[in-house]
Amino acid sequence: MARYRLNNYLLVCVALTLSCLRSHAQQPRWWRLDASQRNTPAQLHCLASDQRGYLWLAARGSLLRFDGQRQLTLPYPDSLQLATPTTMLLSDNQVIIGFSNGVVLTTGMAAQQQKACIKVCNSPVTCLLEPRPGTIIIATDGEGIFVSEQNSLVHHNSRTAGLADDYVHEMVMLAGKLVLATDLGISLCTISNDNCRCNTIDTHKGLSDNLSLSLAAVDSLTVAVGMHNGTISLLHLTTGNVSLLEKFNALQSGPVQSLLRLGPDLLTRTEGGMVYVLPSCSDTNLQQFQLPAEYGNPLHWLADAENNVVMVTGGHEVVLADFHLQYLTEHDEQSFANAQCLLADEQGNIWFANDKGIFRHAVEFSKYQYLQTMYSSPADEDKIISMCMDKNGKLWFGTFGSGVGCIDITTGKVKKFTERDGLLNNNVLSMVAQDTTIWMATLGGVCSMRMDDGKPTFSPLEQSSELGNGYIYSVSIDRSGRLLLGTDGQGLVIYEHGKVMRLLEKFPASGKAVVAMTMDDHGFTWYYSPDAGVYFTDGESIQQIDLENLGSSTEVYAMHAATGEEVALLTSNGIAYVSYMNVTPRLVHEQADMQADYLNVITRDMQKNMWFATSTSMIRFNESITKPNLRPVTNLEQVFVNLQVTDTTVRSFKANQNHFTFHFTSIWWKSPQEAVYQYQLAGFENNWNTTTEHIANYPRLPPGTYTFTVRSSADGNWANAHTISYSFTIDTPLMQRTWFIALALLVVVSIVYLLLRLRLRSISRRELLQRKLLQGQFETLRNQVNPHFLFNAFNTLVSIISKDKESAIDYVEKLSDYFRIVLEQRHKDTIALSEELELVRAFIFLQQKRFFENLMVNIELNDEVLQSRIPPMTLQLLVENAIKHNVISKTRPLQIIIRQTGDKIEICNNLQPKLSPETSTGIGLSNIRSRYEILFGRSIEVLQDENKFCVLLPVVF
Amino acid sequence: MMKPILILLASAIVLMGSYAMTLSGIFEVKNATIKFDSAAPEENIKATSTDLKGVLNTADNKFAFSVAINTFQGFNSALQREHFLEDYMEAAKYPKATFTGKLIDKFDSAAASQKIRAKGQVEIHGLSKERILDIQITREGLVYKFSASFDVPLADHGIRVPRVVNQKIAETIKVQVDGQIQAQ
Numbered sequence: 004m005a006r007y008r009l010n011n012y013l014l015v016c017v018a019l020t021l022s023c024l025r026s027h028a029q030q031p032r033w034w035r036l037d038a039s040q041r042n043t044p045a046q047l048h049c050l051a052s053d054q055r056g057y058l059w060l061a062a063r064g065s066l067l068r069f070d071g072q073r074q075l076t077l078p079y080p081d082s083l084q085l086a087t088p089t090t091m092l093l094s095d096n097q098v099i100i101g102f103s104n105g106v107v108l109t110t111g112m113a114a115q116q117q118k119a120c121i122k123v124c125n126s127p128v129t130c131l132l133e134p135r136p137g138t139i140i141i142a143t144d145g146e147g148i149f150v151s152e153q154n155s156l157v158h159h160n161s162r163t164a165g166l167a168d169d170y171v172h173e174m175v176m177l178a179g180k181l182v183l184a185t186d187l188g189i190s191l192c193t194i195s196n197d198n199c200r201c202n203t204i205d206t207h208k209g210l211s212d213n214l215s216l217s218l219a220a221v222d223s224l225t226v227a228v229g230m231h232n233g234t235i236s237l238l239h240l241t242t243g244n245v246s247l248l249e250k251f252n253a254l255q256s257g258p259v260q261s262l263l264r265l266g267p268d269l270l271t272r273t274e275g276g277m278v279y280v281l282p283s284c285s286d287t288n289l290q291q292f293q294l295p296a297e298y299g300n301p302l303h304w305l306a307d308a309e310n311n312v313v314m315v316t317g318g319h320e321v322v323l324a325d326f327h328l329q330y331l332t333e334h335d336e337q338s339f340a341n342a343q344c345l346l347a348d349e350q351g352n353i354w355f356a357n358d359k360g361i362f363r364h365a366v367e368f369s370k371y372q373y374l375q376t377m378y379s380s381p382a383d384e385d386k387i388i389s390m391c392m393d394k395n396g397k398l399w400f401g402t403f404g405s406g407v408g409c410i411d412i413t414t415g416k417v418k419k420f421t422e423r424d425g426l427l428n429n430n431v432l433s434m435v436a437q438d439t440t441i442w443m444a445t446l447g448g449v450c451s452m453r454m455d456d457g458k459p460t461f462s463p464l465e466q467s468s469e470l471g472n473g474y475i476y477s478v479s480i481d482r483s484g485r486l487l488l489g490t491d492g493q494g495l496v497i498y499e500h501g502k503v504m505r506l507l508e509k510f511p512a513s514g515k516a517v518v519a520m521t522m523d524d525h526g527f528t529w530y531y532s533p534d535a536g537v538y539f540t541d542g543e544s545i546q547q548i549d550l551e552n553l554g555s556s557t558e559v560y561a562m563h564a565a566t567g568e569e570v571a572l573l574t575s576n577g578i579a580y581v582s583y584m585n586v587t588p589r590l591v592h593e594q595a596d597m598q599a600d601y602l603n604v605i606t607r608d609m610q611k612n613m614w615f616a617t618s619t620s621m622i623r624f625n626e627s628i629t630k631p632n633l634r635p636v637t638n639l640e641q642v643f644v645n646l647q648v649t650d651t652t653v654r655s656f657k658a659n660q661n662h663f664t665f666h667f668t669s670i671w672w673k674s675p676q677e678a679v680y681q682y683q684l685a686g687f688e689n690n691w692n693t694t695t696e697h698i699a700n701y702p703r704l705p706p707g708t709y710t711f712t713v714r715s716s717a718d719g720n721w722a723n724a725h726t727i728s729y730s731f732t733i734d735t736p737l738m739q740r741t742w743f744i745a746l747a748l749l750v751v752v753s754i755v756y757l758l759l760r761l762r763l764r765s766i767s768r769r770e771l772l773q774r775k776l777l778q779g780q781f782e783t784l785r786n787q788v789n790p791h792f793l794f795n796a797f798n799t800l801v802s803i804i805s806k807d808k809e810s811a812i813d814y815v816e817k818l819s820d821y822f823r824i825v826l827e828q829r830h831k832d833t834i835a836l837s838e839e840l841e842l843v844r845a846f847i848f849l850q851q852k853r854f855f856e857n858l859m860v861n862i863e864l865n866d867e868v869l870q871s872r873i874p875p876m877t878l879q880l881l882v883e884n885a886i887k888h889n890v891i892s893k894t895r896p897l898q899i900i901i902r903q904t905g906d907k908i909e910i911c912n913n914l915q916p917k918l919s920p921e922t923s924t925g926i927g928l929s930n931i932r933s934r935y936e937i938l939f940g941r942s943i944e945v946l947q948d949e950n951k952f953c954v955l956l957p958v959v960f
Numbered sequence: 380m381m382k383p384i385l386i387l388l389a390s391a392i393v394l395m396g397s398y399a400m401t402l403s404g405i406f407e408v409k410n411a412t413i414k415f416d417s418a419a420p421e422e423n424i425k426a427t428s429t430d431l432k433g434v435l436n437t438a439d440n441k442f443a444f445s446v447a448i449n450t451f452q453g454f455n456s457a458l459q460r461e462h463f464l465e466d467y468m469e470a471a472k473y474p475k476a477t478f479t480g481k482l483i484d485k486f487d488s489a490a491a492s493q494k495i496r497a498k499g500q501v502e503i504h505g506l507s508k509e510r511i512l513d514i515q516i517t518r519e520g521l522v523y524k525f526s527a528s529f530d531v532p533l534a535d536h537g538i539r540v541p542r543v544v545n546q547k548i549a550e551t552i553k554v555q556v557d558g559q560i561q562a563q
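From first to last, the protein sequence lines are chains H and Z. Under this note's numbering, think of the first position of the first sequence as 4, with each following residue one higher. Under this note's numbering, think of the first position of the second sequence as 380, with each following residue one higher.
Hint data in this document are derived by calculation from the structure and do not stem from the laboratory. Worth double-checking, as some hints may not be accurate.
Calculated lysine-lysine pairs in the DSS-like style (CA-CA distance at most 27 angstroms, straight line) [what the hints assert, rightly or not]:
id, chain 1, residue 1, chain 2, residue 2
1, H, Lys-122, Z, Lys-441
2, Z, Lys-432, Z, Lys-481
3, Z, Lys-409, Z, Lys-524
4, Z, Lys-494, H, Lys-250
5, Z, Lys-414, H, Lys-122
Remember, it's a predicted structure, so these values are computed and weren't measured experimentally.
Extracted from the complex, chain H is given alone in its bound form (with noise of 0.2 angstroms):
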């Protein structure tokens, strides 16, 4: 295992192939994106960064929206064809640009949008600024400025307005003031209402040039000031003083032709592509850089939110620099390549050592940095693993089997010890220095090292013996001064006051073996293990880190506590910051096949600039201006509903709007190519889709409520990730709503049971209508063979029978008539009245048989009325009814008359009462009464004075 893992982490192997960029040792990350528009490629003047991240660029002939990979064209109005843009800024929401021909157009950020074209002048403008919503400042190269406001056009220049010169190159404004850059010094201007008063700052006044070309903001009151003359002045606005960066000023530039803010630092680029950073905006340390010759020259510049420096030159790329990671790979002299070793002292030098020796390596001005060998390694001592500064200044350097050596730094004087002199051991992989102390980790265990009178004193750690194998890959001291190791087999351990703590102990699975270990600002002791990876413990607790999200099988080479209670991971996958309180690690560069061949390959130096030694090329990453958690920008960019775009503030659809795309967007200009996203759709369903497409798609959503999320990332993390959300509701159809369905059924159920009430009614007055017939019939049935009926009959039978025998069988078949008709109307409702008529005139023929002509029956009906309808055996009933109760005599005829009258049917008797009167059921009138109005609804009148009975049937079709 121990031998294993030794190989493992110093086994070396050098194949070095060295990139490019031969000529400059020192390179930021320099890449090009490509914004062409689809048939022509783009010429970009302009650029802007708008809060969404996404770039504006103002291209020959249009206006392009770029997210890294795809861009959206807005093409000017015609007139400005053929027009150089030649500056522009972002509005709330609106963007504006000045071009060459000095018109300034407006336009929304949309396609088809409203644009607004004004011509202002006619010199170029070169600058253009909002003080304030709706106010636009308009500097130009030849008429001075112009004030933009609502529908007025203000023009102060050198004459009206006291402007140093009309030739403004660029303005800022500060604290108040409009500073303005031009040919013939600075002006402060102060603009109030229609006025603008401006004060002149020139040479006179300290500035070491008139021509000034550029501006940046250093401070809320200083402004830098860059020259023709290659100088920067630093301008403090209230008081007018002018200072001057003096060792920037001293390298002859050229012409300073922009500055620009990056975090804390200002950059100046001059001619050539040569692009100076000053850290903090001062010129102690600053460093130089050339733009690769074939990315053109720029023409402007932003730092944008990931803070990488966005150029346009003109072409149809977009160049991009990260300035804050930079890449160190070769020297004149030197490769920095396979360094084996790295430390950082106080003093702001960076000690490397390879193969060939030990250097110093500082970043001073005029040379902006240079190599200086300290030690140039024998070619029989083995390499140099491990290096460490003593209080008094020495450099001790380590070796991997002969030894340690000691450089005094001021004379060059370099000393060696070795085991012959009491060294534990020739193998020294890690060295700290504590007081006047030094603490070395070698393959044979622990020794510190105390220098008395020049002579070392090696006194190896008492407890040797406990620590296994005695394979030390690392040794530290803590905040309480305790000793921490590293060893091979025992994990971590914690030396103090003579006792040995194993973390192992404690942590059963913390880790076997212990290659790398630092403490962050926090007090947290952090260690990587080939065996059990990377944890944090302060000795009580101990949590094991998450690699995942850094790729498959990543593998940590060194760490170093970093600002902010971060510590720097360098890993087979690239470079990660990871902190106790955001223990997922963030990937701040990433390299695909890192590789590191040994243990002391990290150091950060007094300007928080970490630095890495790869296999292949050392690399400073300034932490100063990298902001927690950058990560990439989510962006929905469009929502279409049925194939057509809706406006994101719509939040509502019908039932029929149910086809959802939407089309989003992740802005990472660090690597755009590499973004991918994760969408939902909650409410339709719970997982996240992960996809590299820009789209997602969703028919025929069944309604209801959804919120649908994208995220992205570049590298895997999706808890740090970005998130957008879109909540909408589909409307439920009208036919599925409850309370339409509620209504619905109401309405069926009353219906329901109107109709049943309806059916109800009719049945009930079907069976009355029933009942009273079959009364009617029962009556009439009755009466028919109610004894006297039949005597009557047969009586009258017996009285014609002998006289006259034909006539006698004429009774009996009218007889046999009256009956059948009887039965045969028995079941019907309603008969004609025709129909009536022959069973009255077959019963009056009976009865007329008997009382001859003292019964008289009139019928005088026509043939319309005989049409009409009636409930059976009505007439009938009136008839035998009048017969029934009425004297029936020679002196005293009955007389019934059956006729029409008006749109009645009246039947009348002549009233002669019997003195005894007939038994009477006494249903008769009562039976056809309510037949009439069950029937018909239609009542029938019954008038009765002394000498009449009527009744009157209404004539009902």
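Take the given structure of chain H and dock chain Z to it, following the hints.
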């Protein structure tokens, strides 16, 4: 496109008249030569013109210089000159090269030697480009000698060189101007 120069020249003439009485600030260019030098890998081409004309008005610090393209002499052969005039410079279409603008630094008529920056539009081949030139001026009595040198990238002025000869013509031409200016 010659209009601004004509206007400037016209205004210069008018100004000449108005300032004549007071020994005006109008200076005229005399005995000037303009040289260019194309140093390409395969061939060096040099040519000179003595036909540079110009005026400087120290009252408002404006100036105008002009040279006719077809007055350039030199070259390595007559054929080369023909190519220069016809193919590259298109002298028939764009007969003049001009430089108009203003002086950034104050012209001190008393100084024995001074360096002045002139900012203006250099127009060659019909395309203009803003340049700031350093001009060295030395006084010899009433005569001021001036000298300036600058580089002109062909691309700035839309001058296209066929690929066949791009080893013979430099992408950037060095220009040297020497001459005198005298008060009117």
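Those earlier numbered hints the structure runs against, lowest number first: As far as the earlier hints go, only 5 is violated by this structure.
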